[in-house]
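A.B. asks: Letter by letter, the chains look like this.
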Amino acid sequence: MIYRTVGQFKTSYASDQALFPVRQDAFLLGIILLFAWVIFPLTASEFAFQTLLIPILIYALAAMGLNILTGYAGQLSLGTGAFMGVGAYACYKLITIFPWMNPVVAILLSGIFSAGVGVVFGIPSLRIKGFYLAIATLAAQFFLVWLFEKWSWLYNDNASGAIQVPNLDMFGVFVAGPQAASITQYFVVLAIVSLMTVLCINLTRGNQGRIWKATRDMDIAAELIGINLMKSKLTAFAVSSYIIGVSGALFVFMWRGAAEPNLFDIPLSFRVLFIAIIGGLGSIMGNYLGAILIVGLPVVLNIVPEAIGLDIKSATVEHLNIMIVGALIVFFLIIEPHGLAALWRLVREKLILWPFPH
Amino acid sequence: MNALAGNYTTADGRKIGGVMMEMKNITLKFGGVTAISDISFDIHEGEIRAIIGPNGAGKSSMLNVISGFYHPQEGEVWFRGKKRPPMKPYEVARQGVARTFQNIALFDGMSTLDNIMTGRLTHMKAPMWRQALWWGGAEAEEVVNRRQVEKIIDFLEIQHIRKTPVGRLPYGLKKRVELARALAAEPKLLLLDEPMAGMNVEEKEDMSRFILDVNDEFGTTIALIEHDMGVVMDLSDRVVVMDYGRKIGDGTPDEVRKNQDVIDAYLGVEH
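Here the protein sequences come in this chain order: L and R. Start counting the first sequence at 6; every next residue gets the next number (the numbering used here). Start counting the second sequence at 287; every next residue gets the next number (the numbering used here).
To be clear, the hints were calculated from the coordinates, so they are not data collected in a lab. For glycine and all other residues, C-beta sits at the position ideal for the given N, C-alpha and C. Wrong hints could be hidden among the right ones.
What the hints assert, rightly or not - Pairwise CB distance ranges, derived in the manner of DEER restraints:
hint: 1; chain 1: L; residue 1: Ile140; chain 2: R; residue 2: Gly303; range: 33 to 43 Å
hint: 2; chain 1: L; residue 1: Val43; chain 2: R; residue 2: Pro451; range: 32 to 42 Å
hint: 3; chain 1: L; residue 1: Val43; chain 2: R; residue 2: Leu419; range: 39 to 49 Å
hint: 4; chain 1: L; residue 1: Ile334; chain 2: R; residue 2: Pro451; range: 23 to 33 Å
hint: 5; chain 1: R; residue 1: His513; chain 2: L; residue 2: Leu24; range: 42 to 52 Å
hint: 6; chain 1: L; residue 1: Leu24; chain 2: R; residue 2: Gln388; range: 44 to 54 Å
hint: 7; chain 1: L; residue 1: Lys355; chain 2: R; residue 2: Pro340; range: 30 to 40 Å
Kindly generate the complete structure, drawing on both the sequences and the hints.
C.D. replies: Following this line, the structure appears as structure tokens:
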């Protein structure tokens, strides 16, 4: 009933291709934006910023990058963690070499480095596909993490082998480092993630998106209708790695505050891949839904036993966590193999038709 | 050879132009197997040219040579008066050669509309950063091309499935969407690989009508492979007959029908 589309007529192709052909969608997004920009910052606690809001946004961005590559262009990748690392280390070097640089500019620039690295490791995709390509990107994963460890220039030769985010200010306000307030960092992350999301939506709904999807769905036909497969795959690697790189820089500079090489190891790659798969491959909104589930669920599971007065050891909670998250992943994949985004699409379709079944 | 040579008028009074594509002594081998041996034929501007032959005759290989998917070991391909250097399939497509496939090759994850829009991509020039901003001509380009696509959707009578994911469509409609995608590119030469395979009589009649209409309204040159002899003989202006990778006949449907080699190939010979 809420989703009635009656009376919303399209009189031009532009309006039919608009971002929100259905008015209610725009309204819904308005509410979400209101929460994200106004209500959360006013109400959220330090704990909520650090364990939910900021990581959800950053993971959603990383998954969005992976989704461009895997969900839209159909190239399987297991190197996400390492590409996030490239972004983080590039940002660290930029900040230490050019201390006067605006941190946001440094974060956005650091994506370019991971885009370059991504293209290099994307070259095998021109000859191999599917699982074999996944193995090739796995090589990138191992090689890059090894490089983060061994190439001491990357972490300025400090003894710990880790990178430490210094205090960075923008117009007199600390945005990164120990002195930065969570709320400032949240706004920086939110602004960057929002911007990237808009660009991604536009890219994937236009010609480039169709080129990627054609490459994914049937590469031979794609080539025979005039798509340069090499260009299509490498632009996907570049755009995807850029976004992943930016998310990696945000990951360290706006959230973790410090990073060791093994932070970017394969568990991180899998975490982002899970988010993308559970959220829905080939969907932008799905990344947010997946990130909310994967990041939010452990937090909820941690709080619930305490809240209802159950006395469980924290170690037990941790184990329960892993089991429940694992079970939920299997559950969601059985219910809807195309992810939460597809589930939402289904619900929305039903709502538009409600109360009629067809 | 003069590009304008060989004009002729068909039996139904259509004027056919000069040579558009010419295959000269094409030989294609896969290892020890010779798929096509020393075949020459031409396709004229505006004509409907059929390639027929028994299974395994090398027809699809021939189409793949034309669309640049296979590169022949010997022989030359001439397109619009110029010898074509070895090209990637996407470069051939950008020269104005579009095709459909024997086994449907649509992009299953996209709607009918998006599938047909991919056919327009050789006409879309906005760079990626403009598309990302949806500004600076990117949206306008999208709308202009959408208008073209809508014309083709009207033409092929598939308005009702515009927003349906192609994976959900029945076979006959998929074939039509594939034709629409090829047409959206506004090709100079349209290659149809068994456009009527697996269709019932009604669907075949529809498809035949569309092929004739495309040729008539857009003036598109068409080369098609088809097994249904009735359809081939009715639709095409000239027919190439292949058997075991060799050309055994070439001419108007009537000439081909009387050709003894062709009759032998189709009906078999007593030894």
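A.B. asks: Each of the hints needs a verdict: does it hold here or not?
C.D. replies: The hints, checked one at a time:
The hinted range of 33 to 43 Å is not satisfied by L:Ile140 and R:Gly303, whose Cβ atoms lie roughly 53 Å apart. Taking the beta carbon of each, L:Val43 and R:Pro451 are about 37 Å apart, inside 32 to 42 Å as hinted. For the pair L:Val43 and R:Leu419, the supplied restraint of 39 to 49 Å is violated, since their beta-carbon distance comes to about 26 Å. In this structure the hint that L:Ile334 and R:Pro451 lie 23 to 33 Å apart at CB holds, the actual value being about 26 Å.
Taking 42 to 52 Å as the suggested C-beta distance range, the pair R:His513 and L:Leu24 conforms, at roughly 47 Å. Taking 44 to 54 Å as the suggested C-beta distance range, the pair L:Leu24 and R:Gln388 does not conform, at roughly 38 Å. Against the hinted window of 30 to 40 Å, the Cβ-Cβ separation of L:Lys355 and R:Pro340 comes to about 52 Å, which falls outside the hint.
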